[in-house]
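Given the sequences, and given the hints that come with them, work out the whole structure.
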Amino acid sequence: MSANDGLGAKTQLRAGTAYRRDWLWVAAFVHRLSGIGLAIFLPMHFLALGLAIEGEASLDGFLKWTQNPMVKIAEVGLVALLTLHLLGGIRVLLIENMTWQPGQKSMAIAAVAVSILVGLLLAVYLF
Amino acid sequence: MTSADTISSETIDVSVWRGGAEGRYETFAVPLRQNQTILDVVTWIQRNADPTLSYRFACRVGMCGSCAMTVNGRPRWTCRTHVSKVVENGKVELGPLANLPVIKDLAADMTSFFEKWQKADGAFVPSKTRHDPIEEILPNTPARIEASAAIECINCGICFAACDTVRWQDEYLGPAALNRAWTLVNDERDAGKSDRLRAVAAAGGCHACHSHQSCEQHCPQKLNPTASIAGLKRLTMHAYLRGDL
Ligand code: SF4
Ligand code: SF4
Ligand code: FES
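Read top to bottom, the protein sequences are chains Y and U. With my numbering applied, the first sequence closes on residue 127, and no number is skipped along the way. With my numbering applied, the second sequence closes on residue 245, and no number is skipped along the way.
In short, the hints are calculated from the structure, not lab data. Among the hints, a few may not be true.
[Stated by the list, open to error] Straight-line C-alpha distance at most 25 Å; calculated DSS-like pairs for lysine-lysine:
| # | chain 1 | residue 1 | chain 2 | residue 2 |
| --- | --- | --- | --- | --- |
| 1 | U | LYS222 | Y | LYS105 |
| 2 | U | LYS119 | Y | LYS105 |
| 3 | U | LYS193 | U | LYS128 |
| 4 | U | LYS85 | U | LYS222 |
| 5 | U | LYS91 | U | LYS104 |
| 6 | U | LYS91 | Y | LYS10 |
| 7 | Y | LYS10 | U | LYS104 |
| 8 | U | LYS193 | U | LYS119 |
The structure is reproduced here in structure tokens:
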């Protein structure tokens, strides 16, 4: 065959993973990510709390520390992640332990929406 | 071909995987026709451009399950996938089904898919002989309803190709084999239930499923292997708690 017969250069077979653009796959992925996020941020959160109390040695100092905008933003993120992970986990538990419910896509989207809403409400309350 | 068959003189660029694990995409200009399926496109290439192109099909009407390929990155049954539905900017990319070794071009080696079917105890075990009277099976018992909902699998392997757990874990039995096992544990005529529950509860069995639902999203028969596997998870858990497993 000649060089310009339409044959591309030797290459890898494409993986065929376009399904990873689907809502439910993304929901599973986000659930994982939120879990990893929690695993990283929760210890930091407790460490920061511990250090704040110990370092300032007074409740007043701790309360002042919680007024720090960075701390507030981190807490909003943490609560949103927690909500997301909790709702995602409940969805999987329901799938695996109860009879099948249709509309999983809407439920996954609702879980994300509720988490964002919870984060926003907390942000409004804190700031 | 009459002129009425063609929409216009338009063509689409179809790049097709050529070779085995090592290979390349080869591009063909294929005339666009009305109601053309991806399988029509592949057949056109083989008949008019390159007779050495390898691919698999049999029934052409969505019954045999042999024509599945990767179409623009997704596993699909090609005989019932219209070009108009999947073409992107005048282009279609075709490859063999994913998560299986390539034999050549568009033909994937289905051996591991069917071996896993066996490993999940996917074969019916009769509880009666031909000398017994034929048993009456009511269609509306809860177990029969579960079995019937999952029974119309055509072994196309599309769910297997769309499952990340299959991709990541060699021993995972996959959605089709587990879905099959689910139909059998709900079949009152079957005598192999406890062995089968043991087979699907083992490593690489139903408990490895992450409930992603990619299988359910892609199954051309609109089956729900995720629900079947969830059923197996419950059954095996109950059997374990009872001490039967
Ligand atoms: S639900 Fe289970 S079998 Fe289906 S794609 Fe996800 S991991 Fe695979
Ligand atoms: S469950 Fe659906 S996608 Fe999977 S092999 Fe059977 S028919 Fe094909
Ligand atoms: S050729 Fe039989 S299902 Fe497509």
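Taking the hints in turn, this is what the structure says about them:
no., hint, verdict
1, U/LYS222 x Y/LYS105, "holds, 16 Å"
2, U/LYS119 x Y/LYS105, "violated, 32 Å"
3, U/LYS193 x U/LYS128, "holds, 14 Å"
4, U/LYS85 x U/LYS222, "holds, 18 Å"
5, U/LYS91 x U/LYS104, "holds, 22 Å"
6, U/LYS91 x Y/LYS10, "holds, 20 Å"
7, Y/LYS10 x U/LYS104, "holds, 15 Å"
8, U/LYS193 x U/LYS119, "holds, 14 Å"
Against the hints set out earlier in the document, a violation occurs for number 2 only.
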